[in-house]
Amino acid sequence: MDEALIGAMIASTLRVATPLILGALAGLLAERSGVIDIGLEGKMLFAGFAAAAGGAVFGSVAIALLLGMAAAVALSLLHGYACVSHRGDQVVSGMAIDLIAAGLTVVLGIAWFHQGGQTPPVSDAVRLHPLWPGAAAALSGVPVIGAVLGDGLLSHNIMVYAALALVAAVWWLLYRTRFGLRLRAVGENPHMVDAAGVSVLKLRYAALTLNGMLCGLAGSYLVLAQSSSFAPNMTAGRGFMALAAMIFGNWRPVPALWACLLFGFLDAAAIRLQGVVVPGIGEVPVQAVQALPYLLTVILLAGFVGRSVAPVALGQPYVKER
Amino acid sequence: MSRALPLPRWADVALMPLVNLAIALVAAGLVVALIGQSPREVMVMLIQGAFGSARGLSYTLYYATSFIFTGLAVSVAFHGGLFNIGAEGQATLGGLGTGLVALWLSQRLPAPVLLPLMLLGGALFGMVWAAVPAYLQAYRGSHVVITTIMFNFLASALLGYLLVNTLRAPGGMSVESVPFGPAAHLPGMHEMLAGLGIEWPSSPLNISLFLALLAAAGVYLLLWHSRAGYRMRAVGASEGAAAYAGIHPKRQVILAMGLSGALAGMVGMNEIAGVNGKLLLDFVGGAGFTGIAVAVMGRNHPVGIVLASLLFGALFQGGAEVSMEVQGFSRDMVVMLQGFIVLFSGAMAYVISPWVARAIHAATRRAAPAAKIAEPAGGTHG
Chain A
1 MDEALIGAMI
11 ASTLRVATPL
21 ILGALAGLLA
31 ERSGVIDIGL
41 EGKMLFAGFA
51 AAAGGAVFGS
61 VAIALLLGMA
71 AAVALSLLHG
81 YACVSHRGDQ
91 VVSGMAIDLI
101 AAGLTVVLGI
111 AWFHQGGQTP
121 PVSDAVRLHP
131 LWPGAAAALS
141 GVPVIGAVLG
151 DGLLSHNIMV
161 YAALALVAAV
171 WWLLYRTRFG
181 LRLRAVGENP
191 HMVDAAGVSV
201 LKLRYAALTL
211 NGMLCGLAGS
221 YLVLAQSSSF
231 APNMTAGRGF
241 MALAAMIFGN
251 WRPVPALWAC
261 LLFGFLDAAA
271 IRLQGVVVPG
281 IGEVPVQAVQ
291 ALPYLLTVIL
301 LAGFVGRSVA
311 PVALGQPYVK
321 ER
Chain B
323 MSRALPLPRW
333 ADVALMPLVN
343 LAIALVAAGL
353 VVALIGQSPR
363 EVMVMLIQGA
373 FGSARGLSYT
383 LYYATSFIFT
393 GLAVSVAFHG
403 GLFNIGAEGQ
413 ATLGGLGTGL
423 VALWLSQRLP
433 APVLLPLMLL
443 GGALFGMVWA
453 AVPAYLQAYR
463 GSHVVITTIM
473 FNFLASALLG
483 YLLVNTLRAP
493 GGMSVESVPF
503 GPAAHLPGMH
513 EMLAGLGIEW
523 PSSPLNISLF
533 LALLAAAGVY
543 LLLWHSRAGY
553 RMRAVGASEG
563 AAAYAGIHPK
573 RQVILAMGLS
583 GALAGMVGMN
593 EIAGVNGKLL
603 LDFVGGAGFT
613 GIAVAVMGRN
623 HPVGIVLASL
633 LFGALFQGGA
643 EVSMEVQGFS
653 RDMVVMLQGF
663 IVLFSGAMAY
673 VISPWVARAI
683 HAATRRAAPA
693 AKIAEPAGGT
703 HG
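Protein sequence lines correspond, in order, to chains A and B.
Note that this note's numbering gives residue 122 to position 122 of the first sequence, counting from 1, and the numbers run on in steps of one.
One gets this note's numbering by counting positions in the second sequence from 1 and adding 322 to each.
Heads up, a few of these hints could be off.
[Said to hold, decoys possible] Some chain B residues near chain A, calculated using beta-carbon distances under 7 Å:
| id | residue |
| --- | --- |
| 1 | A333 |
| 2 | D334 |
| 3 | V467 |
| 4 | I471 |
| 5 | F475 |
| 6 | G519 |
| 7 | S645 |
| 8 | M646 |
| 9 | M655 |
| 10 | Q660 |
| 11 | M670 |
No lab work stands behind these hints, which were simulated from the structure alone.
Ideal placement from N, C-alpha and C gives every residue a C-beta, glycine not left out.
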């Protein structure tokens with residue numbers, strides 16, 4: 001295989017995987033605390049809109065990111081109010097969030113910017129740029145390493161590396177801190193956590209707040225690093241794919257990372273394989289490659305390969321006994 | 323914390339949906355006001371657009387037809403204890419089934435034979451597409467919510483693949499099949515009424531509306547007046563108790579989802595056989611998700627579902643009219659309102675109904691101070 005192609009594949013895999021990683025970590029925190037989150041898609045979308053609108057109007061990355069996170073956290077807290085405080089159905093609430101975000105972003109976009117739901121592109125100063133723009137050129141002479149390291153690994157903006165670092169951070173939070181232990185416990189056996197004198201409510205709200213912040217980053221990434229403006233339904237199922245990656249990763253951060261990278265790779269491959277004719281098979285069915293993440297997740301869930309173990313108390317509202 | 327006051331049955335059935343709808347409308351009205359438009363004006367225009375003319379009414383009923391199918395689909399699964407988020411995908415596959423039968427046989431069979439076969443094809447495809455997640459839930463323990471989400475994406479990928487690679491009309495620019503023969507055309511309402519001597523404007527509304535109403539009646543009879551329906555609801559209400567009574571829960575899961583998928587699959591009769599006359603991408607257009615809102619709003623009862631479908635049909639049609647009239651008003655307002663309705667009447671049901679219950683109790687006590695209302699055991703007020 002061509003060196004340049006390897007470098008380009010690594011680069012696009014990481015680019016596509018980044019919002020998935022952030023979304024999967026968000027879903028993971030909520031679901032490990034026992035709250036189902038099928039609202040990832042809506043929160044990412046709303047965050048993308050808020051970041052794009054904020055970035056375009058105020059011209060600042062910090063404000064764009066803050067608004068993106070604030071928008072997603074607001075929806076997370078709404079989810080918490082309905083489901084954690086008032087034991088509403090978590091799936092129904094998530095669905096509502098997806099619908100509200102899909103509608104409201106377009107409504108506000110048209111009313112504020114008059115471009116058919118699009119926002120004006122954010123300025124170049126607001127966009128995220130590669131951290132080391134000279135790396136590829138500096139390493140271009142070195143065989144293999146030049147392509148893999150220069151083009152593939154060092155060509156990204158800060159959020160790509162931040163997403164990878166956040167995998168480690170979430171792992172550390174879940175498995176090496178008291179908060180993480182309690183968070184995992186509340187998703188398995190909230191009664192026990194309550195009996196130990198720790199508030200189930202507070203833990204779940206904390207998890208949902210972190211979940212919103214991560215969704216906010218995921219949505220902002222789509223605007224600040226990828227397309228520079230918001231377009232209606234720009235998440236295009238990425239929230240659900242992040243959910244699939246989280247399940248594929250068995251509700252654990254590091255396996256979820258691998259799942260996101262796999263899904264990112266499949267997406268990158270599907271784009272490259274468009275119209276390519278493989279001897280013996282014929283033209284590669286691109287739709288099939290793009291559908292593979294969902295198919296693989298179903299197969300995994302069905303227990304034909306490996307086993308997926310969801311948190312025991314997932315989806316069950318907690319009612320304090322008197 | 324005081325124990326929740328019981329809500330009278332009439333209030334639970336009739337008042338709560340209206341209260342929830344009102345709250346959702348107020349929330350949407352706030353958004354309308356926020357973007358600098360008059361909620362009252364928009365509302366008037368929306369109602370006029372949906373019901374003000376024969377043409378508007380026809381479009382309203384045309385949208386409602388698909389929503390009845392998907393709303394029934396979601397609610398049948400719900401009575402079996404399952405949350406079917408996959409009506410979108412099942413409807414997609416249903417349209418594919420309907421379309422494949424039409425492509426295959428529309429030149430060879432007369433309409434009276436072909437149309438039932440197309441219906442059967444659609445229902446069967448939808449059923450199979452729902453039965454797979456049902457099987458995985460019943461026998462492999464994978465959660466039906468997640469698998470049906472995945473199956474929605476798989477359905478749209480499958481339809482896309484087939485249309486691009488095998489079914490696409492030769493030489494055609496757009497991704498769609500060749501038009502079906504005339505035998506595969508489900509008569510439009512205006513055509514049927516013209517046959518009866520009534521003049522009616524041309525619209526996408528077709529006789530699949532009657533099929534939808536028949537399906538609603540059928541679902542009612544099945545769920546509440548047949549043993550099969552009783553078994554299904556028993557499993558939905560309490561799997562353990564049902565199993566103890568000799569009902570096979572796993573089989574019921576497959577049955578409920580299969581029936582649910584078949585109902586969703588009938589969307590193809592409205593969209594593919596009734597309107598488009600060919601297979602194309604994305605003909606479901608979110609009706610599967612609207613079905614969730616319809617089922618939630620209609621309290622999972624066929625009568626409620628028909629009424630809720632009418633409401634959503636009116637919102638879609640009226641919303642389209644308003645967006646043409648008012649600069650800066652988007653049809654997506656309706657999607658947002660749909661979200662609010664799902665939020666308030668579904669997810670926040672436990673937030674709002676205690677308020678209403680308290681209000682009703684306060685009102686009835688004031689109306690009849692002599693007749694002391696029995697306090698619920700252990701209940702304290704304030």
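Do the hints match the structure? See the list:
1. For A333/B, the shortest C-beta to C-beta distance to chain A is roughly 19 Å, which exceeds 7 Å, and the interface hint is violated.
2. The beta carbon of D334/B is not positioned within 7 Å of any beta carbon in chain A (closest approach about 17 Å), and the interface hint is therefore violated.
3. At its closest, the beta carbon of V467/B sits 5 Å from a beta carbon of chain A; the interface hint therefore holds under the 7 Å criterion.
4. Residue-level restraint check for I471/B holds (minimum Cβ-Cβ distance to chain A is 6 Å; threshold 7 Å).
5. The closest approach between the C-beta of F475/B and any C-beta of chain A is roughly 5 Å, which is under the 7 Å cut-off, so the hint is satisfied.
6. At a threshold of 7 Å, the smallest CB-CB gap from G519/B to chain A is about 42 Å, leaving the interface hint violated.
7. Checking S645/B against chain A by beta carbon gives a least distance of about 9 Å; that is not within 7 Å, so the hint is violated.
8. Interface restraint check for M646/B: the shortest CB-CB distance to chain A comes to about 13 Å, outside 7 Å, so the restraint is violated.
9. A distance limit of 7 Å between C-beta atoms decides the matter here; for M655/B the minimum to chain A is near 5 Å, and the interface restraint holds.
10. At about 5 Å, the closest approach between the beta carbon of Q660/B and any beta carbon in chain A falls short of 7 Å, and the interface hint on this residue holds.
11. Because the closest C-beta pair between M670/B and chain A is about 5 Å apart, less than 7 Å, the hint holds.
Hint violations for this structure: numbers 1, 2, 6, 7 and 8, all remaining hints satisfied.
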